[in-house]
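Asker: Given next are the chains, with one letter for each unit.
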Amino acid sequence: MTGKGGTGKTTVAAALALALAAEGRRVLLCEVEERQGVAQLFETEALPYEERKIASASGGGEVHALAIDAELAMLDYLDMFYKLGRAGRALKKLGAIDFATTVAPGLRDVLLTGKVCEAVRRKDKAGWPVYDSVVLDAPPTGRITRFLNVNDEVAGLARVGPIHNQAQAVMRVLKSPQTAIHLVTLLEEMPVQETMDGVSELRAAGLPVGAVIVNMVRPVLLADAELAEVAGTENSAGGAAGNGKRRTAVAKALSQAGLGGARRGGVAERLVDPLLAQAHEHAQRVVLERDQRAEIAGLGLPVRELELLGDGVDLGGLYRLAESLRRQAVAPIREDADAPVAPDGDDAYAGDAGDADEEAVDEVFAGAATATRASTDAEADADAADTEAEADAANNEPEV
Amino acid sequence: MSLESPLLEIDPLLDDPKARIIVCCGSGGVGKTTTAAALGVRAAERGRTAVVLTIDPARRLAQSMGLTELDNTPREVAGIDRSAGGSLHAMMLDMKRTFDEVVAQHSDPERARAILENPFYQSLSAGFAGTQEYMAMEKLGQLRAQDAWDLIIVDTPPSRSALDFLDAPKRLGSFLDGRFIKLLMAPAKVGGRAGVKFLNMGMSMMTGTLSKVMGAGLLRDVQTFVAAMDTMFGGFRTRADATYRLLQAPGTAFLVVAAPERDALREAAYFVDRLAAEDMPLAGLVLNRVHGSGADQLTAERAVAAAEALEDAVAENLADPGIVDLPAGKADPDASDVPDETRDRGGKDPQDRTELLAAGLLRLHAERMQVVARERRTRDRFVSVHPEVPVVEVTALPGDVHDLEGLRAIGLRLGGGRPAAA
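These protein sequence lines are chains A and B, in that order.
For the first sequence, the working numbering gives the first residue as 18, with consecutive numbering after it.
For the second sequence, the working numbering gives the first residue as 31, with consecutive numbering after it.
It is possible that part of the hints are untrue.
If you only want the chain A side, here are some residues facing chain B, beta carbon under 8 Å, derived [what the hints assert, rightly or not]:
hint : residue
1    : Val147
2    : Glu246
3    : Leu276
4    : Arg302
No wet-lab data here; the hints were simulated from the structure.
Ideal Cβ placement from N, Cα and C applies to all residues, glycine included.
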């Protein structure tokens with residue numbers, strides 16, 4: 018999950034994790050920016066570098082969370098792959114870990130993405146994936162391609178050896194159909210522009226783009242005719258005289274509703290101008306938002322919308338957003354021109370997988386009840402797929 | 031009852047000839063870049079010779095200042111009113127180029143070439159996390175040293191946290207002092223020193239381990255790079271320290287930028303604490319995108335009640351009231367649950383139409399008043415923790431800013447509504 022700063026990408030990532038965890042699934046939500054945003058959202062204490070359960074979903078579903086710390090990931094990594102327990106600590110003392118995690122080119126990002134991919138591939142004793150899905154609250158849109166592609170770059174730098182192999186393994190996961198990169202935006206020019214740029218960069222790098230999630234969508238409170246009227250684009254009222262007449266009529270209506278006198282200088286009359294000014298701003302915003310929606314639609318990606326929660330996102334709000342995502346079936350969505358490989362011939366990947374017109378494929382399985390863009394077949398399959406997906410070892414999804 | 035904080039007076043800050051650097055910091059998406067640009071325009075039109083340094087991959091400042099290209103050199107911004115004797119330049123940080131320039135400036139041509147061609151360097155300079163912050167500081171130092179401008183306005187990088195910008199020089203310093211760097215350079219240096227034997231043993235163990243982990247090729251690249259950079263490190267460190275001190279100097283002012291949202295203000299509060307801890311001079315908080323209402327005497331509750339009364343009246347007017355079923359006594363003022371039918375049907379009669387328009391205006395107002403109240407609560411939380419921090423509120427514009435006119439409008443709000451001319 019990526020998005021411009023201020024678009025609420027952490028919130029949406031958390032809501033997606035909750036949505037994916039429904040129906041008894043196990044989801045890991047990772048954060049990599051050392052901001053403890055996840056802990057704040059779930060109203061828990063700061064997360065350590067350790068996977069722990071932070072929320073429950075329906076049917077025994079669980080969301081686990083992990084705040085990945087580059088330095089600890091490095092030691093972890095050294096220990097895991099080279100059994101370098103002591104030498105690792107020696108490296109730390111020497112400042113090598115500092116070097117690796119702050120200055121060495123991209124090593125920090127390699128470690129972060131590496132840890133995420135490790136969680137994706139981890140299996141339990143019986144050979145099932147430990148997590149059904151992994152959601153990554155990733156760096157912002159401006160840095161996402163470089164962040165995810167860092168392993169390609171590192172594989173080029175370290176041409177042989179374990180780092181090379183590790184980097185390539187991570188890249189294979191990130192570029193596989195198991196991954197979908199969702200972008201969070203607002204209906205404002207700059208975030209939308211950044212989303213457009215981000216999508217073309219991701220596409221150019223061959224990274225799998227998922228859906229655009231429009232966050233904090235505000236309700237339109239006026240009907241079209243009223244919007245046109247206050248925006249002054251409809252000329253039926255006609256000029257200054259018409260405006261004057263409209264003002265008087267509105268003042269009368271306000272007065273009727275018990276808001277004071279409609280006469281010039283009356284309480285209701287004095288409300289008219291500020292109220293019309295607010296409506297004018299609202300109308301401008303609605304027009305602007307329509308333009309932005311059109312821009313987003315031009316990307317040809319699945320689009321999902323989340324309403325603005327007036328009082329900010331608390332835990333209850335987070336569950337509401339998750340429910341909304343579930344209803345809109347944002348759970349595994351991926352832009353995929355090629356048919357995604359359904360592992361083991363499993364039909365968990367429902368939908369028109371091989372759609373030649375590059376229409377995004379909604380793969381409905383992780384408990385998504387309906388799919389707004391998926392075919393009816395996909396909807397019918399959703400329930401069946403639900404159970405099968407669970408038993409499908411290869412089907413765990415990193416959601417970025 | 032809302033809390034009061036001292037008003038942040040932007041114009042005196044911009045006019046003070048002793049003010050040489052203004053740093054705009056804050057979390058992402060709060061309008062930092064726009065604020066920096068608007069301050070630049072306003073300062074220039076009030077007579078300062080100003081330059082705006084932005085660090086932003088989306089080239090948004092470029093758009094808002096009507097420039098098609100911002101490279102690593104400050105370009106004059108056209109369309110600035112120069113009648114007060116000021117001017118405005120703007121530039122966007124090109125990380126790689128800044129890094130290359132530093133390398134070229136501080137080493138002989140042969141060594142510079144070796145560094146520039148090193149694959150490790152090429153990756154490092156192309157902008158991995160952290161490099162941006164170092165280079166921003168480097169560029170700020172350069173601009174200050176050039177002394178061509180009497181006011182430098184800096185927009186900070188869109189970091190994961192606003193604090194990265196402050197940490198950059200120290201991190202660089204501790205890294206350069208680190209034993210690891212010395213170790214990497216050791217093969218070239220250890221000859222003839224005391225304790226060589228011990229160091230060599232340690233070294234061969236380390237090199238063995240490193241080469242196992244990194245692959246021999248990468249380790250060699252890193253070592254070559256570090257060796258080639260060796261002579262420059264001292265310079266880096268000296269300049270990073272100098273820039274850090276520059277930020278603490280009396281000529282510098284920090285503006286923390288935020289939006290009236292919980293996360294942004296929380297980040298702002300952290301930043302205020304941090305600046306105090308680092309002895310960095312905070313001028314105040316710029317609170318962007320604040321909503322107000324010209325009709326704030328009318329509460330959200332009364333507006334909703336009045337809207338309902340109007341909608342009920344229209345519904346009753348309709349010939350077939352059976353179709354329209356308006357729930358009575360709605361508690362949630364957010365809900366605009368007038369059936370479209372009512373609107374459509376009401377739209378036919380001019381009287382009904384006006385009443386529905388008035389109802390719509392009232393519901394809109396109720397929503398606005400709720401936004402106002404929410405923003406006020408968020409702001410008050412910050413103010414109660416930091417009552418001493420001066421604040422200026424900038425009212426929200428309906429659209430985004432992408433021209434000088436828009437920047438002037440923001441500047442006007444920053445200046446408390448007074449026109450730019452001093």
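Asker: Could you run down the list of hints and mark each one as holding or not?
Answerer: Now the hints, each set against the structure:
1. Below 8 Å, beta-carbon pairs count as interface contacts, and valine 147 of chain A has none with chain B, the closest being about 26 Å; its hint is therefore violated.
2. Proximity of glutamate 246 of chain A to chain B holds as hinted, the smallest CB-CB distance being about 7 Å (cut-off 8 Å).
3. Because the closest C-beta pair between leucine 276 of chain A and chain B is about 5 Å apart, less than 8 Å, the hint holds.
4. About 5 Å separates the beta-carbon of arginine 302 of chain A from the nearest beta-carbon of chain B, less than 8 Å, and the hint is met.
Of the numbered hints listed earlier, the single one contradicted by the structure is hint 1.
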